[in-house]
Amino acid sequence: MESSTADALGLSRAILVNDGMVKKLEELNKTSNVFSGMVNHAKKLLRAIYELSRIYAVLGDTFSEIGVKEPMACTSEAFTQFGTIHRSMERFSIEMLKKIKPMIMDLNTFLHKAVPDTKLTIKKYLDVKFEYLSYCLKVKEMDDEEYGFAMVQEPLYRVETGNYEYRLVLRCRQDARTRFAKMRNDVLVKLELLDNKHVQDIVFELQRFIDAMATYHDQCYGVMKQIKIFPLEVDLARDAFAYNLGIFNTGEDEGGEDIDEDVINTESVGEKSVSSKYNQLTDDVKLIDLAGINSKSRYSENEGDDEVLDMNNWNSLSTWGPHTGDSKSNKQEAVTDLLCFD
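Start counting the sequence shown at 11; every next residue gets the next number (my numbering).
No wet-lab data here; the hints were simulated from the structure. Do not rely on the hints blindly, as some may be mistaken.
[As the list claims (entries may be wrong)] SDA-like cross-link-like pairs, simulated, lysine to any residue; straight-line CA separation at most 25 Å:
#1 Lys109 x Val233
#2 Lys109 x Val68
#3 Lys207 x Ile114
#4 Lys238 x Tyr253
#5 Lys200 x Lys109
#6 Lys40 x Ala52
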């Protein structure tokens with residue numbers, strides 16, 4: 011719109027020609043894009059930390075199991091302590107997730123509620139503005155029509171009949187101008203509040219995020235710094251590194267050549283040593299074998315459960331317990347709820 015047209019319509023040239031609301035809308039779109047990128051990055055980071063916490067939990071269980079099975083006291087204590095530290099780091103990760111999740115929820119509220127509401131208000135303002143401009147143009151056309159008829163000295167029918175249409179358009183333009191001014195003030199106030207909230211919230215949320223991450227890393231560094239368990243002393247059997255080379259297929263020979271005699275001798279020596287060690291066990295150790303006792307039926311009659319603790323199977327120790335499965339499942343569900351950001 012030209013400046014002369016804006017002056018003829020009786021409006022401020024800055025409002026019609028260079029309306030700041032359009033620029034505000036562009037800035038609002040840029041701000042929403044920045045917030046959207048921050049939220050997506052934070053979600054990916056929290057999911058990665060959650061996966062890392064699960065790895066810490068598995069490592070803690072593994073090291074604790076090794077510590078339980080290790081016969082040497084110092085080594086067993088070292089592995090158990092190392093497993094406890096990994097479980098502590100898992101707990102630190104979950105605490106950090108609980109601190110950062112409200113930040114993502116607040117950013118989502120700003121992104122999906124405050125920004126769309128402001129955009130809707132700006133669109134309503136633009137609709138009211140164009141309505142007001144349409145009435146202004148209609149009045150301008152009617153004035154030009156009346157001026158043209160006056161120049162040729164011809165009568166105009168609506169002027170001779172009281173010019174009610176012109177007065178109606180003037181009244182509509184006045185009402186539209188009132189709505190336009192009110193809507194513009196509302197939009198300016200809302201944009202100012204949104205800008206203040208954006209400046210305050212972005213600083214507060216980023217500070218919360220940095221504090222949570224710093225606390226998490228400081229806690230992990232603190233617990234890892236306390237332990238000094240290396241080097242470890244572990245007893246290994248003589249045949250621990252006697253691998254069966256016959257099971258590896260290099261692809262060089264597809265035929266059925268015989269295995270080297272050294273490999274066969276190594277396997278036979280390993281089997282003999284294991285069998286001789288088992289035969290040399292004392293009677294007290296062999297008393298642990300409860301295979302001949304019908305403990306399953308007696309246990310099921312007394313406790314009402316079919317699960318039997320096998321003393322010869324160490325793997326059953328990690329899964330034994332009446333509440334182990336339930337507690338792990340409940341903990342898994344509680345932690346998974348942390349990743350529900352919507």
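For each hint, the structure was consulted:
At most 25 Å may separate the alpha-carbon atoms for a hinted pair to count; Lys109 and Val233 meet this at roughly 20 Å. Under the criterion of a C-alpha separation no larger than 25 Å, the hint pairing Lys109 with Val68 is consistent with the structure, at around 23 Å. Straight-line distance between C-alpha atoms of Lys207 and Ile114 comes to about 15 Å, which keeps the hinted pair within the 25 Å bound. With a C-alpha separation of about 32 Å, the suggested pairing of Lys238 with Tyr253 is violated against the 25 Å cut-off.
Between Lys200 and Lys109 the CA atoms are separated by roughly 30 Å; this puts the pair beyond 25 Å, and the hint is violated. Restraint check for Lys40 and Ala52: satisfied, since their Cα atoms lie roughly 18 Å apart, inside the 25 Å limit.
Of the numbered hints given earlier, the model fails hints 4, 5; all others are met.
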